[in-house]
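Asks: So the sequence lines, in the order shown, correspond to chains A and B.
All residue numbers for the first sequence refer to the working numbering, where the first residue is 1 and numbers rise by one.
All residue numbers for the second sequence refer to the working numbering, where the first residue is 1 and numbers rise by one.
You can trust all of the hints, since none of them are fake.
Straight-line distance between alpha carbons at most 16 Å, and here's what the computed EDC-like set of lysine to aspartate or glutamate pairs gives:
id, chain 1, residue 1, chain 2, residue 2
1, B, 400, B, 317
2, B, 411, A, 13
3, B, 411, A, 5
4, A, 62, B, 346
5, B, 411, A, 9
6, A, 58, A, 33
7, A, 96, A, 9
8, A, 62, B, 378
9, B, 405, A, 5
For the chain A half of the interface with chain B, some residues (derived, Cβ under 7 Å), not all of them:
id, residue
10, 4
11, 7
12, 38
13, 62
14, 65
Selected chain B positions facing chain A (Cβ under 8 Å, derived; list incomplete):
id, residue
15, 350
16, 351
17, 354
18, 355
19, 358
20, 366
21, 367
22, 380
23, 381
24, 409
25, 411
Calculated directly from the structure, the hints in this document are not laboratory data.
The C-beta atom is built at its ideal place from N, Cα and C for all residues, glycine as well.
Chain residues, written in single-letter form:
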Amino acid sequence: MSSADIYRELILDYYRNPRNFGKLEKFDIDSRDTNPLCGDEIEMQIRVGDGQKIEEIKFTGKGCAISQASASLLTELAKGKKLGWVREVAKEDVFKMLGDPDLGPSRVKCALLGMKVLKTGVYGYLGAHYDDPETSDPMA
Amino acid sequence: MLKTEPLDVERVRADFPILKREVHGKKLVYLDNAATTQKPQSVIDALVDYYSRYNSNVHRSVHTLGEEATAAYEASREKTAKFVGAPAKGLVFLRGTTEATNLVRFAWGEGNVKKGDVLVTTLMEHHSNIVPWQLLAKKKEATLKFVGLNEDGTLDMGQYENLLKESPKLVAVTHSSNVLGTINDVAEICSKAKRVGATTVVDGAQSVPHMPVNVESIGCDFYAFSGHKMLGPTGIGALVGKKQLLESMEPFHGGGEMIKEVFPDRSTWNDVPYKFEAGTVNIADAIGLGAAVDYLSMIGMDRVREHELRLVEYALETLAKVKGFHQYGPTDPNRKGGVVSFNLADVHPHDLATILDDEGIAIRSGHHCAQLLMRWLDVAATSRASFHVYNSYDDVDALKAGLEKAGVIFKI
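Looking at chain A on its own, in the form it has when it is part of the complex (with noise of 0.2 Å):
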């Protein structure tokens, strides 16, 4: 793993100046999570609009390059969509997203925290419950 590779200039961009930053004042999902590892925090709020599509998202937090960069390309990815892609999203698109970096065991769950708020709001919107398979930490 090569820590340049990692912090491209993609992801220094998006923690520094992240897009779809802030709250909304009418949402119909409100999600957030902690990564107790590291201490990063995600919430999410989504406007969901005709046919189910995602209208607005937004997102706050805090916490390392990769999570917070990473919550902010998701909600980027998310917006238009229907709440029915978030069931097909993987972690795999989060990491051709974040252009692939070489994370090791122990920062994978940093840039996969959006996804899991992600998921777990629409999920609950949707009546159903994610349990999250993908982004249980070995290490935690």
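Using the hints provided, position chain B relative to the given structure of chain A.
Replies: Relative to chain A, chain B alone:
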């Protein structure tokens, strides 16, 4: 001022086999000693020797191996107790500091804390010296109160004196902060607590490994520490308690070894400290801890302290030159253990730790099991470099270079 002969770090390093390994093709620079220390060959040998030559249960085996194991286990108790200025019978071997504070919570707390009582701890504690008291307070409907900190990361003694006016039942305080490094005047804290009749618990996890400690002169009722932070194995630590107090307490765990006689309706307890060592004890690691105590005694704790003080002094001076470096806690190395907590501009500690790991440098990043302190510092996390006998000025220089590299990557 140098009171002792300086350490020959190269000679010390040769005693620690792990320091020969490389990480990501770089020489290992191990600066995570407040989390756990590395082990000298003599400690590793003591474990191997026990398992390969005289492995046996202690105390009740009437055969040669059993007698040898008992003798080694009890010799280790004596050495470890002497190391902190306590009588051997006042030292209970446990898994570590956390088990020790929990023993006090149950074995002392159950019988001594009542509804409406006040318990006092501080904002700079490790969770293991907060959560047991929180649980005790909840169970007994008592109140847990916290001593705050001054700007410089020392305890607010004025506030402490005010809390003492509420006649607390318990005062639980750390000897040295695992984040700020602050060395507390625990003798003064305990003597003041005693005047209002409070029982005192001192968390020595970050002091016994790094400086001379004498529980007698501290005057505390209980003193807890962990073996793995003082060059010993994991899974072994100790609670030192005043004999009279230990004798008056109910047992912690019930089982073998801790009893004298068992009847269908009742049992009588074994003598202290065996009353608190139920089940087969951690014989091998207790013997390993004895070997660690021998190693530290050979160097001398005055020299260990002197060495770390110089490293902290050098680190504070050297790292301050790195752009964006911000240190937490006392700035006077004399008031600090071998710990430097910091942040680098807006780089999150976990990102920093990943970058440093790439250079073979191991530091700690996160909340350090001190979330109340993190909130007081108004940070989510910090990075922490912590030293022991095998660290050198070169390690500090390597850390500086690593921080500078992180600065370049993060465009600080």
